[in-house]
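Undergrad: Spelled out from the first residue to the last, the chains are:
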Amino acid sequence: MKGLVWTGVNELAVEDVPDPQIQNPGDVILKVSRTVTCGSDLHLIGGYIPFMQKGDVLGHEFLGEVVEVGPDVRNHRVGDRVVVCSFIACGSCWYCKHELYSCCDNGNPNPAIPEGLWGFPPGGCYGYSHAMGGWGGSHADYIRVPYADHGAFRVPDGVSDERALFASDAAPTGWMGADLGNVKPGDVVAVWGCGAVGQLAAGAAMLLGAERVIAIDRFDYRLRATEQHIGCETLNYEQTDVGAELRERSGGRGPDVCIEAVGMEAHSPDPSYGYDQIKHQLRLQTDRPTAVRQAIYNCRKGGTVFVLGVFGGFVDKFPLGAVMNKGLTLHSAQQHGHRYIPMLLERMERDELVTEHLATHTMPLSEAPKGYKVFKDKEDNCIRSVFLPGG
Amino acid sequence: MGIRRAAVAAGSVAVAAGSAAIKKVLARAPSGWGAPGGTAQKDPQRWRAVTVNRPIQELEGGVPGPLAELGDAVEVRLQQAPGDKGTELHARLTRTGHDPINGQDPLEALRSALRKAKQVAEVGYVLEPDPTATKRTPLNEPLRQATKHAGGEGRL
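Residue numbers (numbering that gives the first Met the number 0), protein chains in the order written: chain A, 0 to 390; chain B, 0 to 155.
Since the hints were derived computationally from the structure, they do not count as laboratory data.
Hints may be right or wrong, so weigh each one.
Okay, the calculated bits of chain B under chain A, using three or more residues with CB under 8 Å as the criterion [as the list claims (entries may be wrong)]: (1) 112-121; (2) 138-149.
Distance ranges between label pairs, derived from CB positions [as the list claims (entries may be wrong)]: (3) A:Thr361 / B:Asp98: 53 to 61 Å; (4) B:Asp42 / A:Glu378: 49 to 57 Å; (5) A:His97 / B:Trp46: 21 to 29 Å; (6) B:Glu57 / A:Pro363: 48 to 56 Å; (7) A:Asp148 / B:Gln103: 29 to 37 Å; (8) B:Leu77 / A:His97: 55 to 63 Å; (9) B:Asp42 / A:Lys96: 26 to 34 Å.
Looking from chain A toward chain B, a few residues come up when the C-beta cut is under 10 Å (computed) [stated by the list, open to error]: (10) Trp93; (11) Gly132; (12) Asp178.
In this text the structure is predicted, and so the values were computed from the model without any measurement.
Backbone N, C-alpha and C define an ideal beta-carbon position, used for all residues, glycine too.
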């Protein structure tokens with residue numbers, strides 16, 4: 000079969016890769032219908048998460064058709080149209096039983112690598128480096144789905160592929176930021192980043208009853224899309240003083256909940272950006288936490304900051320003093336999609352949650368390297384590039 | 000030139016002093032800080048543990064296969080975990096030395112068996128990784144080696 004493989008830092012190619020096979024009784028094999036780029040892939044492609052090998056297949060956000068089932072699979076049959084959570088979780092360990100699915104004890108076959116990095120290993124993730132299990136990615140014609148009874152979800156007939164695709168990762172990630180950020184009716188919520196995850200975090204905050212939601216970015220086309228499709232307020236951080244705006248729009252208090260949806264390659268118009276870039280490029284810090292710093296600094300006293308963006312290692316100039324002296328709650332996680340995907344699919348069916356506008360560029364898998372370039376460079380108003388395997 | 004030599008010498012002294020200070024701090028630090036290469040992590044006699052999300056009664060009849068397969072090379076004990084966390088499964092090597100167990104480094108074999116035993120008890124089987132189709136390069140050799148041993152001891 001064909002797959003999009005990482006061949007070196009900032010080098011991608013579509014190549015022949017081995018077909019996946021049932022390896023455990025709880026596996027299914029999926030024929031991938033749609034698979035989409037994610038901003039966190041760029042960290043892998045750019046070598047910022049140095050656990051990729053030449054030939055690794057990328058991609059973790061996808062849906063498809065079940066073409067083979069293992070003998071222990073109970074919830075799926077050949078022909079089912081399913082969306083799959085990007086994180087691989089067993090459904091049986093203590094973390095899964097407590098709905099902390101991305102922390103699953105049994106989803107990562109390479110636990111010693113993340114144990115060395117982070118103390119304990121999170122679950123596995125498709126196409127997301129050998130630190131996260133070395134799993135084959137979804138940018139391919141077929142993919143193996145372990146623990147399929149827990150991680151694959153039937154898509155209701157009334158939900159299109161185009162919409163359901165984002166129930167795999169972007170929608171549950173965004174929802175988790177608002178949910179575990181404890182957004183409540185009456186809250187003012189600020190979201191850094193108007194990519195797919197940031198938009199869907201803002202949308203989740205609105206659906207959870209926030210009084211006012213303000214999304215922040217620098218690209219006008221992303222701000223317009225957020226206003227048009229999510230319906231919240233926006234700020235362009237290159238054109239306004241974000242801190243002043245957030246303070247005044249929240250009556251001088253500061254937002255109750257600040258959600259960071261940017262990650263380790265953040266941009267800033269401040270001089271600190273140059274400092275962070277130099278340290279990042281020299282690998283003196285592994286991540287650039289600009290948006291995290293802003294979220295912490297601008298959050299109201301006693302508020303919550305949720306870090307949704309992906310970080311891999313260590314950051315510099317972390318404002319711990321602001322966290323401590325303002326009594327903030329700092330929360331973060333890789334996405335616990337299993338707890339949200341069924342509910343999100345229902346909301347998609349009721350048209351409460353729409354995502355089609357995020358798929359600005361759709362193309363055959365054979366054009367995936369170009370799709371990543373357009374996505375990375377934000378050319379042609381790109382929000383996400385979607386690939387059609389077999390096309 | 001003299002200034003340069005003096006600077007290099009001063010730098011060397013500073014690095015040596017810093018290194019000694021770090022070692023001293025790590026030696027006094029709580030368990031875990033000294034993990035990189037520390038004796039606490041490598042002590043072959045230390046009990047290794049995982050917590051299995053199953054009631055202790057299920058495990059009292061016999062430890063899961065991957066650990067049982069190590070036979071008398073390991074000593075095993077069970078303990079009720081606090082709260083709702085299930086059962087603590089503890090194991091340690093019964094002999095010192097570096098003789099391989101089933102072809103593996105003994106500590107790697109022990110840790111790997113604990114992880115697999117937990118999976119068997121919780122899920123019913125050991126999760127098989129995807130077969131790798133990656134290509135060997137000079138740059139990725141360290142990662143390939145790390146991945147080869149990535150089921151064993153994790154704290155570097």
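Undergrad: Could you say whether the range 26 to 34 Å given as a hint is met by the Cβ separation of aspartate 42 of chain B and lysine 96 of chain A?
TA: Check passed, 32 Å falls within 26 to 34 Å.
Undergrad: Holds or violated: 21 to 29 Å for the Cβ distance of histidine 97 of chain A and tryptophan 46 of chain B?
TA: holds, 26 Å
Undergrad: Do glutamate 57 of chain B and proline 363 of chain A keep their Cβ atoms within the hinted range of 48 to 56 Å?
TA: Since glutamate 57 of chain B and proline 363 of chain A have Cβ atoms about 50 Å apart, the given range 48 to 56 Å holds.
Undergrad: So, aspartate 178 of chain A near chain B? Judge it on the closest CB pair being under 10 Å.
TA: This hint is violated: aspartate 178 of chain A lies away from chain B, its Cβ roughly 22 Å from the closest one there, beyond 10 Å.
Undergrad: So the hint says 49 to 57 Å: do the beta-carbon atoms of aspartate 42 of chain B and glutamate 378 of chain A match that?
TA: holds, 56 Å
Undergrad: Is it true that the C-beta distance of leucine 77 of chain B to histidine 97 of chain A lies inside 55 to 63 Å, as the hint says?
TA: violated, 22 Å
Undergrad: Is the listed coverage of the region 138-149 of chain B by chain A valid when you require three or more residues with a beta carbon under 8 Å from a beta carbon of that chain?
TA: holds (count 7)
Undergrad: Quick one, is the glycine 132 of chain A hint okay against chain B at 10 Å, beta carbons?
TA: holds, 7 Å
Undergrad: Just tell me: holds or violated, for the beta carbon distance of aspartate 148 of chain A and glutamine 103 of chain B against 29 to 37 Å?
TA: Given about 32 Å between the Cβ atoms, the range holds.
Undergrad: Checking C-beta pairs, does the region 112-121 of chain B have three or more residues closer than 8 Å to chain A?
TA: The restraint on the region 112-121 of chain B holds, since 4 of its residues have a Cβ under 8 Å from chain A and three suffice.
Undergrad: Within 53 to 61 Å or not, the Cβ separation of threonine 361 of chain A and aspartate 98 of chain B?
TA: holds, 58 Å
Undergrad: Go through the hint on tryptophan 93 of chain A and say holds or violated, using the shortest Cβ distance to chain B against 10 Å.
TA: With Cβ-Cβ at 4 Å, under 10 Å, it holds.
Checked against the numbered hints above, the structure breaks hints 8, 12 and satisfies the rest.
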